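There are 2 protein chains.
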Amino acid sequence: MSDDKPTIPPEGSGKGIKHFDPELFQRKELSGTLPGDRLVRISRHRSFKGGGPGILVPRQKAVEPKSNIGRFFRRAKRVLIGEPIPTDQEIHERLTKVKALAVLSSDALSSVAYGTEAIMRTLILAGVAALSLTLPISLGITLLLVIVATSYQQTIRAYPSGGGSYIVARENLGTIAGLTAGAALLIDYVLTVAVSIAAGVDALKSAFPGLRPFDLEISIVAVLLIALFNLRGIRESGTVFSAPTYIFVFSVIGIIIAGIVRLLTGGLAYTPGPAGPLAGTHPLTLFLLLSAFAKGCTAMTGTEAISNGVPAFKPPESKNARITLAWMAFLLGIMFMGISFLVTQIHLVPDPSEHETVLSQLTHLIAGNSWFYYLVQFSTMLILFLAANTSYADFPRLLSILARDRFAPRWFGLRGDRLAFSVGIAALTALSLLLLVIFGSSVDRLLPLYAIGVFTSFTLSQAGMVIHWMKSGEPNRLRSAVVNGIGAVVTAVVTIVIGYTKFAEGAWMVVILVPVFIIVFLLINRHYMVVARQLRDKPQVKPSESPTVAIVPVFSLNLVARQALSFARGICKRVIAIHVATDPAAVDRLRADWEEVEDDIQLIIINSPYRILLPPFIAYIEAIKEMEPQDNLLVILPEFVPKHWWEHILHNQTARRLKEALLYIPGVVVTSFPYHLEE
Amino acid sequence: MSDDKPTIPPEGSGKGIKHFDPELFQRKELSGTLPGDRLVRISRHRSFKGGGPGILVPRQKAVEPKSNIGRFFRRAKRVLIGEPIPTDQEIHERLTKVKALAVLSSDALSSVAYGTEAIMRTLILAGVAALSLTLPISLGITLLLVIVATSYQQTIRAYPSGGGSYIVARENLGTIAGLTAGAALLIDYVLTVAVSIAAGVDALKSAFPGLRPFDLEISIVAVLLIALFNLRGIRESGTVFSAPTYIFVFSVIGIIIAGIVRLLTGGLAYTPGPAGPLAGTHPLTLFLLLSAFAKGCTAMTGTEAISNGVPAFKPPESKNARITLAWMAFLLGIMFMGISFLVTQIHLVPDPSEHETVLSQLTHLIAGNSWFYYLVQFSTMLILFLAANTSYADFPRLLSILARDRFAPRWFGLRGDRLAFSVGIAALTALSLLLLVIFGSSVDRLLPLYAIGVFTSFTLSQAGMVIHWMKSGEPNRLRSAVVNGIGAVVTAVVTIVIGYTKFAEGAWMVVILVPVFIIVFLLINRHYMVVARQLRDKPQVKPSESPTVAIVPVFSLNLVARQALSFARGICKRVIAIHVATDPAAVDRLRADWEEVEDDIQLIIINSPYRILLPPFIAYIEAIKEMEPQDNLLVILPEFVPKHWWEHILHNQTARRLKEALLYIPGVVVTSFPYHLEE
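Protein chains in written order, with our numbering: chain Z, 1 to 679; chain Y, 1 to 679.
Source of the hints: derived by calculation from the structure; they are not laboratory data. No experiment lies behind these values; they were computed from the predicted model shown. Hints are supplied without guarantee of correctness; some may be wrong.
If chains are identical, the list can't say which one is meant, so a pair holds when it fits in one copy or spans any two.
Here are the computed lysine-lysine pairs in the DSS-like style, where the Cα-Cα straight-line distance is at most 30 Å [to be verified]: (1) K61 x K625; (2) K625 x K573; (3) K659 x K625; (4) K659 x K643; (5) K97 x K314.
Let the sequences and hints guide you as you build the complete structure.
In structure tokens form, the structure reads like this:
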């Protein structure tokens, strides 16, 4: 996306190893069991350069794939995601307030593209007249936004190093609360990608109806492109991402102002489309009103991003973040209210065919088919795609924090070639593509699942903040606790409203998934803790454990078997050869050969009348282990290594399967003795 | 299918090991490096019983799976395919002529169910009048049958141990000719299954039109059932399979006789169906006539089965086989001619909707809707399924012969639990199901691919016989050579006719596939030969090769790493520990720990600024191997073994991937040092 490629230190500059202290190993060179010259000579090998005593630095060429196919994949990877970045080149780009608003708020700001529409599409079920309620409901949501933003101002103050809901809830309310917030957020991040991409494609389709049949395909390509940008690492994000956000904000505000001016001068009138006004199919119940409110609350997803990203701000971080959050809430509020105000004033009816978004209808009405209309639609699409991109920052980061705390598999914490959390990016891509395919890239079908997770995490985070203030020694702690307490209560009520009204439509999936996630997190944590304890607590190791008996399975006395046997003889005093007999002729041949060459090694024949190879051998090993538990057994497996991968299918995979099976018998060490075919 | 289950020898009877000669190992007990009492004690372990000195016989319980899931699969397997049969229980059931005719001829005899129809459906393209040519074409095919049968009489005489086309062609014409015959036959065996099953389901659909929509499903179930019977081993085949074959033969002959009687008494008249006589769409060209002839030749597939199966006959095998072949040809000839005669006499027109077979139409006309009609249809279906079963005997056997001669992967020669060639059966099932699905279980669409393979192998086999006689010293060799020569020329002409007329319709696939198969056979053979030569030709092995340097990759100095290091110390005098450094903090921790505990082992840090683990380690091993080629390297990989399979995904698969990669570096032996988690 930009030209400032990471600079890889030139070979031999030694820059990459500056974090090692060579002094520590100075002594070793003299006392090691290995002659010092060997080490020195290795560092003179063309694959390495010395990095001080005991330290080797591989040259780039030495670690590159050697096979043609390996080189091809490497080159393809380089083209797609760029040259790898060394660990010590990690740069934490600090964001100005202007850039931060663009980068961290795209999720929240973009919600105005579908927020008003979501309310209207619910209200219209009670007839066109009910649409007039759009404005009061929007007002309620804006009020909610002010409360939540004020609450988060306090979180930023208390957690200047980044206060995600998982961290705040876990620290103040305990592990289960933290994991609940974490699980809810992970689910909502996936939904954010799916909803934002689907809505972005809707904006595109409104402007170019010819693209309608390809919505799913466009959505998939968009997700893949965003994933690719993120795998490349998004250090250039601030600059590049600012443009669409500000274009969107200014053009939407422009439309609103122009709309209000024309409304006041009487020049704005809406004529319902050919479908005519729809008659209501539902009575205007409280449930319907709450549903419309719940749908509109989706506009508030993404509010948390700024409090997550405090350390990315330029100093004073905390203050800048709070100012940015206020601006974000202000812009979101006026855009949301402005659109809702205009559509209610002109009695706009959402396109029943769902071919055109409400924002597109409104823009058409105000700006006609001008270039400005296309600018609004295009920047809407871009900011929605950027909203998906916000999840691409948050989802892998949250998973890496969970991995660090041992609640998620370790590899979610590993950084890829470009220092991005590649596994998390891949997981988010797979899950959001799955959602898009299942729900056919339809915003309306995805929305019921959305927002409940965000509001659950809002509630837990605010409740955690209340505890935080109560325990703190700050002078204003009571006032702060009250502010967060109001936030917690309000968001809790909204969470219940969302859960209640959307339950049957899909929120039940989230309600089921969250506890499932929590159980999985806890199981994973338990496993890692058990491992760590076992690795720590065990009694001291014996100074030297050498195997006492070597066991070599032989099929026939060919060259591989002979080399394996002589290798065994070199390591252990006692060697046993085992032949699992499935073919009498092979036994006779083997015994005849044996007499000639290997008369110092005991050959044991295990008869296998049913022609199975593994179980009799395993049974023998288990029997020996049981009868002579003090013996260290070393099983030496002669193994063929063909030159080409396809040749593997021409050999029975016995050695491989045996290796797998033996791994599970405690006290048995397995050695693969490879034999390399030369042609 | 029958009650005569194989009798498994009772435990401890020692019957299963009678083919071993314990005497050979008497001496060993005194001279072995292992104390004799250990061996004796092992044979007293509950898992084993002694089978003589140096021989162990595992008890059934010891080789059974121990995990619940393993036991479940084992039990399911037992229910499906029965208890395993010991190798020495293999019984070659000898067949009487009556049984042999049923078992070995079902493929050939069943062809009358679709042979005449195939001719008619081609001729009708030139209009209903052209159908009168059905009889002369059938006569030509019957003549061809007589020639081929006579030729094969001679093959049986010359190859009393079974003269399949592959064997005859390979022995007399060379490897390529043999492989051509083998490839052509393999393809046709797959087609036999697909065509016979599809035709059998057609017979069923003719009788029960309600089953029409489910033809593909019924076909798939039929193939799977036949595969299952064959995996069980089909020793009971003779008795069980005789019934449908003879019911089919007698009922078809009965229909023919009844038809001729009613024709002579004037009581048989056919009124064309509501569709009315079709007008011709093609002119009656020579090409069309040849096409009809080629389609009819499919009736001759399966003629080879008897000459393949000579050793299965009761003595005198050769004579009995020849008599059976003559009977087979006679029955096939009169049934085929009888049906063709009747349909031409009454001017029967094949059902244009293809809902009813010609044989069903004829039987309806003669027997009405009586029980006899259903008997004919049902026995037609059964004999067609039996025809598929013939391929299930031939295909795996031919592949096992090819595997024995090292032209096919070795595992095609392995016998399963019930002594059947399981892999071949599985391959045939997969391929024929694929064909049925691709061609929608339609006989008419499958037929163009069929028969060209059979006639190719006929030609090669007969040509081979000509050479065989010329080289032999028999008195009548010239006459025999002339008989086979006529067979070779005639079948060669027919092969060309079939290839020419069916080429565009699908035979081209076979024409492409046969050379592809031959190339694959030759590549496989080359590989096995190279392996065998390398295992034989190598210079003598050194008496004892012990590793000189042990290399242990360590991530941190936890218990597993310490045990692995002490194991390494026990085996090798020189031990090097390698740490691939991706995280500076981990390096500092490791070094601090190292100072305390492992100060006799050299620790080498390889810096990996791009966070990759494997390539730097591999590069180090390769560099050492290059600089010190005389060293035997032993890489010891500390490896975690979780207690549950799902725990694997929680650990980086580094050890596993490293093991794979190291396997490909010559001169490096890899030892997995497992650490078993206890919880």
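Quick rundown of the hints versus the structure:
1. K61 x K625: Between copies, since 17 Å is at most 30 Å while 46 Å is not.
2. K625 x K573: both (18 Å within a copy, 27 Å between copies)
3. K659 x K625: Answer is both: 17 Å inside a copy and 25 Å across each meet the 30 Å cutoff.
4. K659 x K643: both (20 Å within a copy, 16 Å between copies)
5. K97 x K314: within (8 Å within a copy, 97 Å between copies)
Comparing the model with each earlier hint shows no violations; every hint is respected.
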